[in-house]
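Spelled out from the first residue to the last, the chains are:
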Amino acid sequence: MTRWTRKDLLGLEELSREELLLILDQAKAFQQVSLRSIKKVPALRGKTVALCFLEPSTRTRTSFELAAKRLSADILQIQPSSSSLVKGETVLDTARAIEAMQVEIVVIRHSTSGVPAMVARAIRSSVINAGDGSHEHPTQGLVDLFTILEKKGRIEGLNVLIVGDILHSRVARSNLWGLTRLGAKVTVCGPPTLIPTGIESFGAKVSYRLEEPLGAADVLIALRLQMERQQEKYIPSSREYTRLYGIDREKLKGAKPDLILMHPGPVNRGVELSPEVADGPQSVILEQVTNGIAVRMAVLYLVAGAHSGSADSPVDAAVHPEPFESPQGKRSLT
Amino acid sequence: MTRWTRKDLLGLEELSREELLLILDQAKAFQQVSLRSIKKVPALRGKTVALCFLEPSTRTRTSFELAAKRLSADILQIQPSSSSLVKGETVLDTARAIEAMQVEIVVIRHSTSGVPAMVARAIRSSVINAGDGSHEHPTQGLVDLFTILEKKGRIEGLNVLIVGDILHSRVARSNLWGLTRLGAKVTVCGPPTLIPTGIESFGAKVSYRLEEPLGAADVLIALRLQMERQQEKYIPSSREYTRLYGIDREKLKGAKPDLILMHPGPVNRGVELSPEVADGPQSVILEQVTNGIAVRMAVLYLVAGAHSGSADSPVDAAVHPEPFESPQGKRSLT
Amino acid sequence: MTRWTRKDLLGLEELSREELLLILDQAKAFQQVSLRSIKKVPALRGKTVALCFLEPSTRTRTSFELAAKRLSADILQIQPSSSSLVKGETVLDTARAIEAMQVEIVVIRHSTSGVPAMVARAIRSSVINAGDGSHEHPTQGLVDLFTILEKKGRIEGLNVLIVGDILHSRVARSNLWGLTRLGAKVTVCGPPTLIPTGIESFGAKVSYRLEEPLGAADVLIALRLQMERQQEKYIPSSREYTRLYGIDREKLKGAKPDLILMHPGPVNRGVELSPEVADGPQSVILEQVTNGIAVRMAVLYLVAGAHSGSADSPVDAAVHPEPFESPQGKRSLT
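Chains as they are written, first to last, in numbering that gives the first Met the number 0: chain V, 0 to 333; chain F, 0 to 333; chain C, 0 to 333.
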């Protein structure tokens, strides 16, 4: 069995098929924990996880926070408003100070691509990329892989259609790397202005019209239209976008009946998805949210283990069923 | 003995006398916990409490936070600035995402009346109203009942005078429901513009002058004048308000010597209460703050038990005296 | 052996040599804890530490937060934006409400000198000054003492040079009190406008030029130039300041080879210190950050013990090696 050896999780591009499957296996084990009355295991007790979200975020930050708490880690919130950044400190100086405080894991979101990788090179602490610019959002990509595997039983050979602003989407990039590595056939679809040129060389088919690829799709991932950015440069209007690429009941008539519908959230209702489709039977959006915690528990647990060199049989040890009562359980983990 | 069966606590209006007494009993048990050196019990270990304060608040939020921590729950802070609400997400979408993260209890404060009830209908998680518009602030109402019971030994038959902006006060509404249900005689007093018409039909007497009802009162609850709202529409000036309705040593000369003086805080010193009265021997304002934690522990504990169906003998089980040492104690709770 | 008897830590000025050494001893014991895989001890389990940072701060707040978490305390963050202060509540009212919630320790940073002392007089909870105006920053002073002791093996007889804005620096004041009390010879150096008149009476020598005292120094503490304040009134320009008082490789040629270089952080790179010197072999800046946690654990632990009257043999008891497994260990602490 593969062992996890990476200090950091910076993107899915660099992960092997075996590493992806290792994370998904570990997440499956943690999913069981969340069904218990006490949703907590002592796996990261006494370890500290710093959440450095230097771009606003609720869902991803909250998901990491709950994941870390359910692993019994201590959490440090570093937010831009309260940050020394207002005193002119650089990101690297902040990271080195966090490392000096013996924080084991630093989760970073930053509006500039490459910042998590730069920090990872500079410090010994593990770094997890929680979204950097338009580069990658690897844990969202893993959540989507996990959810597809749960609902479809496999990833290999599935037709996955990603619809929306491919150009700016770090989610789309992580999805593309993860899905193609595990053997899915990916088609990206959106207005020509929002599809990066040359994306075919990464293994994706391109379609500027929704109808045809939708008919063949097993999985549809609708991306969020970033209403807060000025996207007028790219699309005539969000109304026009919705007419062509918004998913509603009418358009779904041409799709397979067992198509599942995903979205990284939060949904602009009536833009990417009509409300009845977002809440409909094919939507697995809330399951993505639920799975997010198990997947992030897995990632936190694996990088912590690689760091300390002690994660021998990670899947079993981490989810010991009586976390707080049994000294043996704890000793074997730490 | 009554058992608690409600998933949510949305207001005192809908609670029976037995339900009110059950909460007060449970709070009494938790009050003992706060006298210990280790003020913590494992009752909600592994459960998550989300604090969604979408209106600024320190006291109530802090009180809920400490209550949840002393029950060993994990806490998730959802605040407006960091919230997806800036991305245009609706309150219901946020609530459904929180539910999907398997958060057991959601505490909500919102400036619009009815939002907690709407959320409670939409999700399986328990919802506690921490103040909604001018509708209700049920835990503050319970704190006041608890404090009166502590100081007076009973509620039935007491004369309680509520002074101030009755029209906009959710505290006044929760006080009115709770006090009348437990048999107190309530008089509301304030300028005519700040007394809602028809309030007599809810069991309160109305007085526009302070002197007469003050002479008969056993308990006086002074409400906060919301200086931050433009109340010029309702009162000529805060100076004029204070002259007529502000409580000072002079006015208290006409009151019973064992009158107790309450205020939900924070006090505008020199407006609702003169400083010497706020800090004087009849004031129980700081006891209200202390009791707030025991009362909120009780509410969190009861709704969590109703949710999981395991709160058999809540009063005894929750306050087991050696919470962290005794495995038996923990097993019986979870 | 001295016992710690103070409820509060407000400044180093009032501490005896024995008290300073007691804190440093306790910090040494906690430093060992941070080398373990599980960096947590149960010493403050069930106690609450409120962090009231009414001035922006990341490093000191984070350091106190980690220190409190590694002692297993519960933490309450009170920040200006979320604070009742916006409702016009006074600092004292906030402090009394925090006391009423049975919070054992209140850590306060405030832009006005003397606020922590005022609060300490008003409430029974322990108060720790985390920096008040230009008065004192006692835990930073202790961190510097601890770091010097670690690197040099002693403090008595050392030549310590403090460079920069002595006039506004609470760090300089705490350093001065602590260092002279433990027998170091302190020289302060900076532009005449930034040296308070009469500072010689507190035991410091004064130099307006860097070269001479630098040659004799064993320890150099560079202070942060508060770029955010309008210091144009005091210095012609930060460029001119750097030319005269900024430390770079060139100026260090005149210093002892075993000089150590300290800075309370965050560094304005290229102003107080050149980048190659800040990251160079003589810099112990990141060790100051690491030591900050052990020192603050010691302070939190000692004031908590003085408060409860139970800290009999603090050094040993607090760092019991198997904190979560051993009931005896815990009983002896609480």
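Calculated directly from the structure, the hints in this document are not laboratory data. One should not assume that every hint holds.
[Said to hold, decoys possible] Facing chain F, from chain C, some residues (calculated, C-beta under 10 Å):
(1) 23
(2) 44
(3) 96
(4) 101
(5) 206
(6) 210
[Claimed, not checked] Calculated Cβ distances over 12 Å to all of chain V for the following chain F residues:
(7) 13
(8) 116
(9) 232
(10) 283
Built from N, CA and C at the ideal position, the CB exists for glycine as well.
Sort out which numbered hints this structure fails and list those numbers smallest first. Hints 1, 5 and 6 are the ones this structure does not satisfy, whereas the remaining hints hold.
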